[in-house]
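J.: Sequence:
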Amino acid sequence: MVEEGVANPDYTRIRTVNIVCTIINVITGMFAVVLGVHIVLVLGSANMANGFASFVDGWASGVNLGLSGLFTPDNAKLATFLNEGLAAIMWLAIGALLTYLIRRFALPGPRRVQRYRRVVQ
22 MVEEGVANPD YTRIRTVNIV CTIINVITGM FAVVLGVHIV LVLGSANMAN
72 GFASFVDGWA SGVNLGLSGL FTPDNAKLAT FLNEGLAAIM WLAIGALLTY
122 LIRRFALPGP RRVQRYRRVV Q
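My numbering applies: residue 22 is where the sequence shown begins, and numbers increase by one.
Hints may be right or wrong, so weigh each one.
Derived DEER-like restraints, expressed as beta-carbon distance ranges [said to hold, decoys possible]:
{"no.": "1", "residue 1": "71", "residue 2": "93", "range": "37 to 45 Å"}
{"no.": "2", "residue 1": "69", "residue 2": "119", "range": "48 to 56 Å"}
{"no.": "3", "residue 1": "125", "residue 2": "90", "range": "32 to 40 Å"}
{"no.": "4", "residue 1": "96", "residue 2": "43", "range": "34 to 42 Å"}
{"no.": "5", "residue 1": "68", "residue 2": "39", "range": "39 to 47 Å"}
{"no.": "6", "residue 1": "33", "residue 2": "96", "range": "28 to 36 Å"}
In short, the hints are calculated from the structure, not lab data. Glycine is no exception: its CB is placed at the ideal position from the N, C-alpha and C atoms.
Taking the hints into account, I'd like the entire structure generated from these sequences.
T.: Structural data, given as C-alpha cells:
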C-alpha cells in the first residue's frame, strides 16, 4: 500500500500564504497595467468616446491613488504620464511591500521561505 504524506507539517500555512501573496500581486499588477494602458491611450491621442478607451479611463481614474492632480505641467499628456506613471509604480511597490511583510511574518522558520515536498511511504 502506498501512502502519500507531506514532509513539512507547515504545508497548509505555506500554501495559504503563497496563494494570498499571489492574489495580492495579481490585483496590484492589474491596477498598474490598467494605468499603463491608459497612459498609452492618452499619449497616442485615442478617442475617449470609444467604449474600450472610456472603460480604461474610468477604471484608471478609480485606481490612481488620488494622484491625478499631483503634477500640473502645461501639457496634459505629460501630466497624465507623470501622475498615472507614479500611481502605477506605487501600486507595484504596495504589492511588493505587502507580500514581503506577509511572507516575513506568516511563514515559519528563520528563513521564512521553505520548500515542501511530498514523500511516498
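J.: Each hint needs a verdict: does it hold in this structure or not?
T.: Against the structure, the hints:
1. 71 x 93: 37 to 45 Å: 27 Å, violated
2. 69 x 119: 48 to 56 Å: Given about 32 Å between the Cβ atoms, the range is violated.
3. 125 x 90: 32 to 40 Å: 35 Å, holds
4. 96 x 43: 34 to 42 Å: 38 Å, holds
5. 68 x 39: 39 to 47 Å: 42 Å, holds
6. 33 x 96: 28 to 36 Å: 53 Å, violated
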